[in-house]
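Undergrad: Here is how the chains run, residue by residue.
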Amino acid sequence: MGLIKTITEKPWERKGVIGGMAPEGTFAAESERVALTFFLVIATVVFSLFMVSYYLRMELPDWEPLSEPAQLWFNTGLLIASSVLFQWSRNIVVRGHTRNLYTSFFGAGVLAILFIVAQMVTWNHLQAGGFYLSSNPAIAFYYLLTGLHALHLIGGLWVWSKCAIRLTSGGEPGEVRLSIQLCTIYWHFLLLVWIVLFAILANT
Amino acid sequence: MAYVPLADQDQDMEMHHPHSWVEKYVWSQDHKVIAIQYGGLAVLTGIVGLVLSLLFRMQLGFPESVNFVDPNFYYQAVTMHGMIMVVYFLTALFLGGFGNYMVPLMLGARDMVFPFLNMMSVWTFLISVIILMASFFVGGGPTGAGWTLYPPQTTMAGTPGHDAGIILMLVSLAVFVVAFTMGGLNYVVTILQYRCRGMTLMRMPLTIWGIFVATVLGLFAFPALLVACIMMMFDTVLGTSFFMPAVLESGTPLDYEGGSPILFQHLFWFFGHPEVYIVALPAFGLVSDVLSVHARKNIFGYRMMVWAIIAIGGLSFIVWAHHMYVSGMNPYFGFFFATTTLIIAVPTALKVYNWLLTLWEGDIRLNAPMYFAIGFIFTFIHGGLTGLFLGNVVIDLPLSDTYFVVAHFHLVMGVSPILVLFAALYHWYPKISGRMYNETMAKVHFWFTFLGAYAIYLPMHYLGFLGVPRRYYALGNTDFIPLSAQDLNSSITIAALIVGASQILFFINIIGSLKWGKKADPNPWGAASLEWQTPDTPPVHGNWGENLPTVYRWAYDYSVPGAAEDFIPQNVPESEAAAAQDAKSPESNGE
Chain A
73 MGLIKTITEK PWERKGVIGG MAPEGTFAAE SERVALTFFL VIATVVFSLF
123 MVSYYLRMEL PDWEPLSEPA QLWFNTGLLI ASSVLFQWSR NIVVRGHTRN
173 LYTSFFGAGV LAILFIVAQM VTWNHLQAGG FYLSSNPAIA FYYLLTGLHA
223 LHLIGGLWVW SKCAIRLTSG GEPGEVRLSI QLCTIYWHFL LLVWIVLFAI
273 LANT
Chain B
4 MAYVPLADQD QDMEMHHPHS WVEKYVWSQD HKVIAIQYGG LAVLTGIVGL
54 VLSLLFRMQL GFPESVNFVD PNFYYQAVTM HGMIMVVYFL TALFLGGFGN
104 YMVPLMLGAR DMVFPFLNMM SVWTFLISVI ILMASFFVGG GPTGAGWTLY
154 PPQTTMAGTP GHDAGIILML VSLAVFVVAF TMGGLNYVVT ILQYRCRGMT
204 LMRMPLTIWG IFVATVLGLF AFPALLVACI MMMFDTVLGT SFFMPAVLES
254 GTPLDYEGGS PILFQHLFWF FGHPEVYIVA LPAFGLVSDV LSVHARKNIF
304 GYRMMVWAII AIGGLSFIVW AHHMYVSGMN PYFGFFFATT TLIIAVPTAL
354 KVYNWLLTLW EGDIRLNAPM YFAIGFIFTF IHGGLTGLFL GNVVIDLPLS
404 DTYFVVAHFH LVMGVSPILV LFAALYHWYP KISGRMYNET MAKVHFWFTF
454 LGAYAIYLPM HYLGFLGVPR RYYALGNTDF IPLSAQDLNS SITIAALIVG
504 ASQILFFINI IGSLKWGKKA DPNPWGAASL EWQTPDTPPV HGNWGENLPT
554 VYRWAYDYSV PGAAEDFIPQ NVPESEAAAA QDAKSPESNG E
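Quick note, the sequences are listed as chains A and B, same order.
Number 145 in my numbering belongs to position 73 of the first sequence; there are no gaps in the numbering.
Number 556 in my numbering belongs to position 553 of the second sequence; there are no gaps in the numbering.
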């Protein structure tokens, strides 16, 4: 919309209705989508601040690098598959189809739940191996960041479950189109966050 | 993606109409009721903060005169006063209160975009306040670590409230951040998407610009507080060492090792500095509108005011370390932050000049809101100028732990925003309540508050130059502090008590006027912006009756040459304005 153009106009010179039904400066997008965009920026700020703290903390003398458990590669695969299925269900619903919608949409959620379970299993393995939260800062960051990521995913699953209930109780796919689209964006975002987290956690 | 004509969507917005008293006033989704809930709760919390300040002022002015104010209580009172005033009072009142009330009305919308989320926001805020207040009743009492909560002392024995108090504080802050995020998303999306026909961004009143940029700052700055709170909570409860270094407590080493207390300071001030502007920017916006209306002139340099708000918002994220000059940082780092800090004075000064030039040759109506608005210009200039001193590393170092700093930040971010709050409350009171307040009482309230604030904070600058340290329970026998400093301290306390007591006038006025006030005209000040043009006063649920307004001009058409009246409301089309002008001209020819 040309931010510079917008904020350099002289409002005292222009009279009359400007912009027709939609005033200048509104995004041609649903309000929910705009809200989600803002939320993603906020979540990015939260994760970035943790990552900055991680790097600053890493430079202090008591830092002990952590060797990441190999299960994480498997967990990553689950999350990628979940994201792919979400994209699939989004494509179906955007085209107005219904074939495979249930498979893809429910599959995506189930895979995400499996991811969280797998993350918890990994936590248990670490605990069993004697890596407790307070043992060293690297492991503390590991628990903190993976936990935070899982919490975001659980928030997403809450929206997913509401949408799933509407679908199973006979809702038209058209009614849940926006929810599925936004869920997909959110899932891709969390996948991206996870890949970055995995990279920096592995890279000590 | 399909284009959605948003103003249409808005027009037919599904309203959640209340069915009972409880739904109307308790679980309400109406932005105006939520605004009053937010504002009322913030004011109640603020009163607690005020009483705490009077208690520790008693100790400073008349040592040991109040028997339960011992050193522990003193630190707890100072800490809670700071945190309550900055976060739970000013932030909540400006954004939760005024943000909720003004945004839909000034933009010509029926409500916020997400009314349910809005309701959740106020109830979550209530939970955070309850958790905060609960810390007064737990063993050990509330935290006394100072409102900045610096580790390691925050969580160590010797600091009052180091066990339960600090945990409740951290939880309460985290819950507050959640509440703020829910509200903030609402304001931002409403401002971007729910403006009525013709309301372009550059036609919005400056109040909305201030609230908009402040909300964006809040959405990006509060996460830093959240991150700091979470990590400190881990350190306190789960024994990690994010912030806690290897440290001795009463001679015994604790289980911590290698954490960085400075990291906490960076995170805290990355939130803490923008927080100053989260409070200041809505105040700048509100005061601009009050000044313009009561001076019967358009705001001077509207575009520059908008640019200044945006510039201040942007710059506020790169000045945080000026709160940490004494932390032993790299001098080059300090130089960078001193530079950015001084640069921020440019847009701020620009705003001050524009307010003064708005008054210049205006047809000034000295109503109570105008008293407070002009009072704000005074205190803001004084507080802002001492900011230039403290922004320089070499001047900050000797002054940073003295009363000079207390004087600076209370004038600039305590007294100034509060004067704006009073200006705004008196200014919009007729619209919010449908009644007029008592003008004389409001002016008496102004003089007590304004002169009293100077009687409190001006002497603190001298105390600071003498080197009187802040944060001390008692000064003891120190050679460099003359005995007369104690007299000054006593006079400050007396002034504080008088100012505190005079606030009763305000409450009598606004509560009494609800019953005995004269019925207010829908637009008593002759203001041009949209919130004064509602069909009902106070506005009812849905705000605009059948049809949403359409906007034909900016919000500052005051004293337009040739116009019938000295203001043209935003929703008056050109043709009507011209017709009114024609109707007027034969009459004026006849004179």
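Since the hints were made in silico from the structure, they are not lab data.
All figures in this text were calculated on a predicted structure; none of them were measured in a lab.
For every residue, glycine included, the Cβ atom is placed at its ideal position computed from N, Cα and C.
Be aware that a few hints might be false.
[Unchecked claim] Have a look at the derived ranges for each label pair, beta carbon to beta carbon:
#1 B:569 x A:167: 53 to 61 Å
#2 B:345 x A:87: 36 to 44 Å
#3 B:151 x A:201: 37 to 45 Å
[Unchecked claim] Just some of the chain B residues that point at chain A, by a computed CB distance under 7 Å:
#4 236
#5 240
#6 257
#7 261
[To be verified] Covered stretches of chain B, going by a simulated chain A footprint (3 or more residues, C-beta under 8 Å):
#8 463–475
#9 546–558
Undergrad: Checked against the structure, which of the hints given earlier come out wrong?
TA: Violated hints (numbers, rising): 4, 5, 6, 8; every other hint is consistent with the structure.
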